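Chain by chain, the residues run as shown.
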Amino acid sequence: MVMNPGLRKFTLSIHLTFSVGWIGAVFVYLALGVAAVTSPEVQTVRAAWTAMELIGWYVIVPMAVASWLTGIVIALGTKWGLFRYYWVLISFLLTTLATIILILHMPDVSVMAATAQVVEGAALQALGGDLLHPGLGVMVLLVVQILNLYKPQGLTRYGWRKQQEHRSPQ
Amino acid sequence: MDEAPPVGSGSSSQETPPSPPKVPSWVKVFAIIAIVVLLIVVVAVVAGGGKHGPNRHLPGGGNREHNPPAQYGP
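Going down the list, the protein sequences come from chains V and A. Each residue of the first sequence is one higher than the one before, starting from 1 at the first, in the working numbering. Each residue of the second sequence is one higher than the one before, starting from 171 at the first, in the working numbering.
I should point out that these hints are in silico values taken from the structure, not numbers from a laboratory. The reader is advised that the hints may include incorrect statements.
Unchecked claim - Restricting the straight-line Cα-Cα distance to at most 35 Å, the calculated cross-link-like pairs of lysine-lysine (DSBU-like) are:
| # | chain 1 | residue 1 | chain 2 | residue 2 |
| --- | --- | --- | --- | --- |
| 1 | V | 151 | V | 162 |
| 2 | V | 9 | V | 79 |
| 3 | V | 162 | V | 79 |
| 4 | A | 192 | V | 79 |
| 5 | V | 9 | A | 192 |
| 6 | A | 198 | V | 9 |
| 7 | V | 151 | A | 198 |
| 8 | V | 151 | A | 192 |
| 9 | V | 79 | V | 151 |
| 10 | V | 9 | V | 151 |
| 11 | V | 9 | V | 162 |
| 12 | V | 162 | A | 198 |
| 13 | V | 79 | A | 198 |
| 14 | V | 162 | A | 192 |
Being a predicted model, the structure only gives us computed values, none of them experimental.
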């Protein structure tokens with residue numbers, strides 16, 4: 001089903017809002033992670049972990065899921081499709097991977113945020129700042145964003161077959 | 171996805187290629203980079219003793235609740 005232009009633009013607006021918001025929220029998470037690693041103040045480290053947990057569960061996870069879902073809707077609702085072009089397929093796979101890893105990782109963040117409230121000294125420092133996961137995650141999201149902006153050419157075999165069927169329906 | 175896909179995308183002409191198009195070179199480069207990054211991550215996890223998650227940070231192990239922070243919930 002191909003969406004009409006009005007619905008397509010509306011869906012695209014929602015998709016862009018969630019996708020760009022996801023990237024922005026991960027940068028905020030990274031800033032808090034850096035504060036958790038570098039601050040000598042126990043209260044700052046604890047506050048950073050509390051904020052990381054809240055932002056993770058209530059901003060980043062919802063935005064990731066919403067971005068993934070709206071991405072599928074807009075792909076299937078336009079002639080781009082989900083599996084017809086390499087850039088769409090790769091974007092979909094990377095977004096799916098990032099969303100799964102995020103959801104699997106967040107319980108660990110909850111554990112570390114709870115731990116940060118009760119430990120001190122070396123044990124608090126040992127928590128680190130959870131910089132690796134969001135660091136890799138933001139790189140993946142930026143790659144997806146670049147693919148979506150530049151749309152490099154390349155038709156998949158499935159996309160080629162669909163084009164053939166479309167041109168010779170009999 | 172705000173623009174219509176080009177007709178015959180994947181070939182230099184505007185027609186659908188008569189045979190299945192080859193995998194573009196950018197996709198091959200992309201796949202190689204992805205495999206290298208994946209191998210680095212696997213090696214890093216294995217070199218870290220195969221432990222992944224909060225257990226590597228916590229002396230008592232990850233026995234706490236693994237849920238969203240209900241006390242802050244809406």
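Going down the list of hints, with the structure as the test:
Between residue 151 of chain V and residue 162 of chain V the CA atoms are separated by roughly 19 Å; this keeps the pair inside 35 Å, and the hint holds. Taken as a hint, the residue 9 of chain V and residue 79 of chain V pair is honoured in the structure, with Cα atoms around 14 Å apart against an allowance of 35 Å. The hinted pair formed by residue 162 of chain V and residue 79 of chain V meets the criterion: a straight-line CA distance of about 11 Å does not exceed 35 Å. Restraint check for residue 192 of chain A and residue 79 of chain V: the C-alpha separation of about 21 Å stays at or below 35 Å, so the hint holds.
Between the alpha carbons of residue 9 of chain V and residue 192 of chain A the distance comes to roughly 32 Å, so the proposed pair stays at or under 35 Å and holds. Between the alpha carbons of residue 198 of chain A and residue 9 of chain V the distance comes to roughly 32 Å, so the proposed pair stays at or under 35 Å and holds. Annotation: proposed proximity of residue 151 of chain V to residue 198 of chain A holds, straight-line Cα distance about 16 Å (limit 35 Å). Pair hint residue 151 of chain V plus residue 192 of chain A holds up; C-alpha atoms about 17 Å apart against a cutoff of 35 Å.
Using a Cα cut-off of 35 Å, the hinted pair residue 79 of chain V and residue 151 of chain V holds, with the two alpha carbons roughly 14 Å apart. Between residue 9 of chain V and residue 151 of chain V the CA atoms are separated by roughly 18 Å; this keeps the pair inside 35 Å, and the hint holds. Pair hint residue 9 of chain V plus residue 162 of chain V holds up; C-alpha atoms about 24 Å apart against a cutoff of 35 Å. Distance restraint check for residue 162 of chain V and residue 198 of chain A: the Cα-Cα separation of roughly 23 Å lies within the 35 Å cut-off, and the hinted pair is therefore satisfied.
Among the hinted pairs, residue 79 of chain V with residue 198 of chain A is consistent with the structure: their alpha-carbon atoms are about 24 Å apart, no more than 35 Å. A threshold of 35 Å between alpha carbons decides the hint, and for residue 162 of chain V with residue 192 of chain A the separation of about 16 Å falls inside it, so the pair holds.
In summary, this structure violates none of the numbered hints.
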